[in-house]
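Participant: Protein chains in written order, with our numbering: chain A, 1 to 285; chain H, 1001 to 1544; chain B, 2001 to 2262.
Hints in this document: simulated from the structure, not taken from any laboratory.
Remember, predicted model here, so these are calculated numbers, not experimental data.
Hints are supplied without guarantee of correctness; some may be wrong.
[Unchecked claim] Derived Cβ-Cβ restraints for the label pairs, each shown as a range:
| no. | chain 1 | residue 1 | chain 2 | residue 2 | range |
| --- | --- | --- | --- | --- | --- |
| 1 | B | F2242 | A | G156 | 18 to 24 Å |
| 2 | A | G55 | H | G1382 | 23 to 29 Å |
| 3 | H | S1246 | B | L2258 | 47 to 53 Å |
| 4 | A | D92 | H | Q1075 | 42 to 48 Å |
| 5 | H | E1522 | B | G2039 | 38 to 44 Å |
| 6 | B | G2039 | H | N1481 | 56 to 62 Å |
[Stated by the list, open to error] Dumping the calculated PhoX-like pairs for lysine-lysine here, alpha-carbon to alpha-carbon at most 25 Å:
| no. | chain 1 | residue 1 | chain 2 | residue 2 |
| --- | --- | --- | --- | --- |
| 7 | H | K1180 | H | K1043 |
| 8 | A | K59 | H | K1049 |
| 9 | H | K1290 | H | K1421 |
| 10 | H | K1043 | H | K1192 |
| 11 | A | K59 | H | K1421 |
| 12 | H | K1486 | H | K1471 |
| 13 | H | K1043 | A | K59 |
| 14 | A | K59 | A | K128 |
| 15 | H | K1192 | H | K1180 |
[As the list claims (entries may be wrong)] Okay, the calculated bits of chain B under chain H, using three or more residues with CB under 8 Å as the criterion:
| no. | region |
| --- | --- |
| 16 | 2047-2061 |
| 17 | 2216-2226 |
| 18 | 2233-2245 |
The beta carbon of each residue, even a glycine, is placed where N, CA and C say it ideally should be.
Here are the chains, one letter per residue:
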Amino acid sequence: MRIAMIVLRKFGRIVVLLSLAAMGTILLMRLAPGYFADAREMDVKYAQATRSELGAEEKAQGSVASTTLHMISGFLHGNLGESRQYEIPVSDLIRPRLRVTALILARGIAYGWLLAFCAALPLSTLHKGGTLFGAPFTVLLAVPSGAMATFFLLSGRGGPVLVLTLVLAARDFKFVRQLLRSAWKAPHLLQARAGGARPDQLILRHVMPNILPNLMALATLSLVTALSAIVPIEVIFDVPGVGQLAWAAAMNRDLPVLLAVTLLMAAAVTLSGFTSNPARSFGAP
Amino acid sequence: MRSIRLLLIGAALVASIAGEPSRSQEVARIPGELVWAIRYDPKTFDPAKVDEQASETIRFFTGGVLLRFDPRSQQPEPELAESWSISPDGRTVSFRIRNGLHFSDGTDLTSRDVAWSLRRVLSPATAAPVAEEFINPQQVTVEALDPQHVIVHLPQRVIGIGKVFDEIAIEPADRPSEGKVTSGAFTVFEYKQGQYVRMKANPNYWKHDATGVRLPYATGIRLDILSNREQEIARFQNGSYDLIESLPPEDFSLLAQKDPGAVRDLGPSLNTEQLWFNQSSHAALPDFEKKWFENRSFRVAISDAIHRSDLAKIAYDGHATPAYDFISPANTMWHSTHLQIPRQDLASAIRMLASAGFVTKGGRLYDATGHAVNFSILTNSGNRARQKMATLIQQDMAALGIDVTVVTLDFPELIERLMHKMDYEACLLGLSNVDPDPNAMANLWRSSSPNHQWNPSEATPSTTWEAQIDKDMDTQAGSPNPLERKRAIDDVQQIVSDQQPFIYLVYPNLLIAVSPRLAGAEPTVFQPGIVWNVTSMRLQGHQP
Amino acid sequence: MSRRFACTFLTLLVLVATVIVAWPGHTYATQDRDAIMAGSSAEHWTGTDDLGRDRTVRVATALLLGLVCAAAASAISTSIAAGVGTVAAFSPGPVASVLMLLSDLFLTLPWLFLLMIVRSSLPLNASPMHSAAITFLILAALGWPACARAVYNGALELRGSDWMIQGRANGLRTGQLVRQYLLPHLRPLLVPQFLLCVPAFLVAEANLGTLGLGVAEPLPSWGGMLLELDSSAMLARSSWVFLPIVLLVSVLLLLECLAYEV
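Isolated chain A, as found in the complex:
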């Protein structure tokens, strides 16, 4: 019974978040300038046709309320509505791209954490020179992901996964090293070391359990960073993924597509928020 209540609450939370995200997206995009404008209006050849097309659309969906109804009906049709840019069902657009992006994200996040750990663990034990040895990660932090992507593109080596790994590792490293540093200073650790415990025993049995909850909490942060970094990466490497689609949708005011992408993102962020505290997820929000 208790578990059912909790599951219901979690489900309710997801529904509330998705609804708010949908409303927010529709409101923001409709109120932003340029929704019923198109560059082809300046092309003397196509200006007339473009204007009548947009005029008809504005008549049908002039107010935010009518746009919302239009979006809802699109969702109820099962194909998530029709893309404004491509005039094909949104689900057809997103489905093939979802797999591509999911693979890059999964690999990038996994490798990024792994790399961050491999570097943070030894460096967190240093008393001096921590900043200097951590400098490569500071460099990675300072280079914009677009510039990094272009560099690897031009060198012909490495791809979107590598860039995402490096971008995430740079950020994860900072957090992981700090957490490890604080963990090493814990009094019971000092006692364990005095007692003669081996380094790998120390790490596995004392350090890791201490920092694991905090690491899981950073999962959301990691995911959000990955989701925002994937857009320039996909655009530069010309990967047919959801990030590239989202960027084109935002620039071309393609509300149905952007709505679908936003909802996917909201679902991902919420789920990562649940995993951030598995032990406590049966109690706290």
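With the hints as your guide, set chains H and B onto chain A.
Facilitator: Relative to the frame of chain A, chains H and B by itself:
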């Protein structure tokens, strides 16, 4: 040691991911296939519904047309039509269709298909953008006299009607196929959204070369959909792409260093870059500002103070020509060679402003009512050369004591401000002129048109010179006499030069890259540019 | 490197930049149109950019502008995250639930459009400084959710720790406990977040240039200079284009030294 082992694991991980080649997205080339990139997906493959550049490109390759515009002669040349003629009153156009024509699926092409395709385009139900070129498409009738003859009856003369038939693809009657069954050189056979469009050669294409070999030489065309220029250049350099249709100036210089034989500067294109002020009566501007922009002396002074040679040298790396006129010198038929160009220097600009009541105090310019002169220039993001020009002009204006703010916006927002709300002061944009005939630009010059950028949709012309331009445009649209048309257009050019409603800045040069392995390319500045003779292009080492 | 050293270096950097900017001669807007993308010379120590403007002055101006704006924005953003996370941890269940929901919502909404709305409500004549300040303020206001949940979880964890209970038993109020004891324990989360935000905000500001926000011409934008690195054409012309990123890395390392104890 454990820590070193950990670090090594990390390094090995990075090295293994780094070892993956980044070009895993590339598609293998079919032998004999020509490959290059376009910026975005075509919206439609139905040739009648084409309303943007990418779809137009697909139609150019796949659509069989009665007449094809030849950029060398600048005349429509017979294509599916063996011959054609226009009656003296311009209201009857007759075509004789070639014998023995077939569609790509082998079926015969006769006047029935021609008539059906023409009627479909003219029909209001299709809402074909090209129908507007007939002025009154509902009143146009099409008659198929016999299998080889088609007559088109127009309600009135249409200047340049020959070129309109270049945009109407002849499809099998009652079986429109969105480019899969065509009478053109290629047919669409594969499309992956966001990735590429693949076309293959039409085995029944009517055209043969001088030695009797059937065209096209290429077995197909693949157009990759790629918006990233860095990728495009990298792929051109490694041989994946055979050409680049239009290079930005900074990339031209880079490519010229690495591969000088591949890049070409074709000289000034037909396009123009211009600056204009908001003269609309609906503008959300204070009255004193409107007075500045409506003042001819102000506009001419601004024009005089701009260093166009710097714009060409710096913003375009020298690959642009200073412009004073809306017709590019590349358009030899219509460019006016005896234009009186206003003097281009700072001293004359200052004199002009002084004569109009503007005064300089403490390095700042003030109008006669004491308001400091400042304005913003809007331009679109994504065009580096334009942004540089805006910043250069900002400096030129500082010499006059005018404070200029440069604002870059994305296109939809820019269009909304420019054309819907009229909420801007000055704008710097480019105009793409596809058709050298000025009649194609009539909507830009007619004061009642929504595309009359500086003051759209005027109920009546607000100035005498705008009224004169309207008159000249009507003259050239209605007259069959080429000399009379040229006189009218020359007059418009002179008025524009005197009044500066558009302050023309440069004609950007057309910069292209052609792979040395591509034979048969004869690039031209006229659309469609390098690929106008794609049927005669082939890769070296591939025999058709 | 000790904190004092780092502090001195940073101050020195800022002083040098200020002197360069204040020195009479080339300003950040003066275009030497005969020296486009020139290499270093007596007149232009680090060469010129693609419009002939002296790179040394521009980089110095960008450094001052970027450092102040991005650091301030990061500080505000991190403070909001700390505030929201802590308040949520010490609030009853429903309030915490709402705050975390809000945080998740903020993360997913496309704020690009809010920025467009802001731009369209600003007058076109808004000065470059004005536009830059507004941009960084908005970034600060939007940057907090990423860290808020982590702070919330951390604070929740620490709420039940021994010293908190002891502090409460000793009569300290929640506010005092949070300020004097809890927040320092959250430093491993807050300091990296602050350091991450600085380059992220600089680049975000440059990306917002495409929407008409951000630092407008002729003011130099540090983020804009960093974004130039994604063009192979620029990289091929001059090695001085790497100066902004070298400076950014140095500044970040110095800030890191200042923020941490060792």
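Participant: Look at each hint and say if it fits the structure.
Facilitator: Quick rundown of the hints versus the structure:
Taking the beta carbon of each, F2242 (chain B) and G156 (chain A) are about 21 Å apart, inside 18 to 24 Å as hinted. A beta carbon spacing of about 26 Å between G55 (chain A) and G1382 (chain H) agrees with the range 23 to 29 Å that was offered as a hint. The given range of 47 to 53 Å is respected by S1246 (chain H) and L2258 (chain B), whose C-beta atoms sit roughly 50 Å from each other. At about 44 Å, the beta-carbon gap between D92 (chain A) and Q1075 (chain H) stays in the expected band of 42 to 48 Å.
Hint check: E1522 (chain H) to G2039 (chain B), Cβ distance near 40 Å, so the stated range 38 to 44 Å holds. The hinted window of 56 to 62 Å between G2039 (chain B) and N1481 (chain H) holds, with their beta carbons roughly 59 Å apart. Between the alpha carbons of K1180 (chain H) and K1043 (chain H) the distance comes to roughly 16 Å, so the proposed pair stays at or under 25 Å and holds. The straight-line distance between the Cα atoms of K59 (chain A) and K1049 (chain H) is roughly 22 Å, inside the 25 Å bound, and the hint therefore holds.
Taking the CA atoms of K1290 (chain H) and K1421 (chain H), the gap is near 15 Å; set against the 25 Å cutoff, the hint holds. Only pairs whose Cα atoms come within 25 Å are accepted, and K1043 (chain H) paired with K1192 (chain H) is accepted, the gap being roughly 13 Å. The straight-line distance between the Cα atoms of K59 (chain A) and K1421 (chain H) is roughly 17 Å, inside the 25 Å bound, and the hint therefore holds. Between K1486 (chain H) and K1471 (chain H), the direct Cα distance comes to roughly 14 Å. Compliance with the 25 Å bound is thereby established for this hinted pair.
For the hint pairing K1043 (chain H) with K59 (chain A), the CA-to-CA distance comes to about 22 Å; that is within 25 Å, so the pair holds. A distance of roughly 68 Å separates the Cα atoms of K59 (chain A) and K128 (chain A); the hinted pair therefore is violated under the 25 Å criterion. This hinted pair checks out: K1192 (chain H) and K1180 (chain H) have alpha carbons roughly 15 Å apart, not beyond 25 Å. For the region 2047-2061 of chain B, the proposed coverage by chain H is satisfied: 3 residues have a C-beta within less than 8 Å of a C-beta in that chain, meeting the threshold of three.
Beta-carbon proximity to chain H at under 8 Å applies to 3 residues in the region 2216-2226 of chain B; the threshold of 3 is reached and the given coverage holds. Figure legend: the region 2233-2245 of chain B, annotated as covered by chain H; annotation consistent (3 residues with Cβ-Cβ distances under 8 Å, at least 3 required).
Against the hints set out earlier in the document, a violation occurs for number 14 only.
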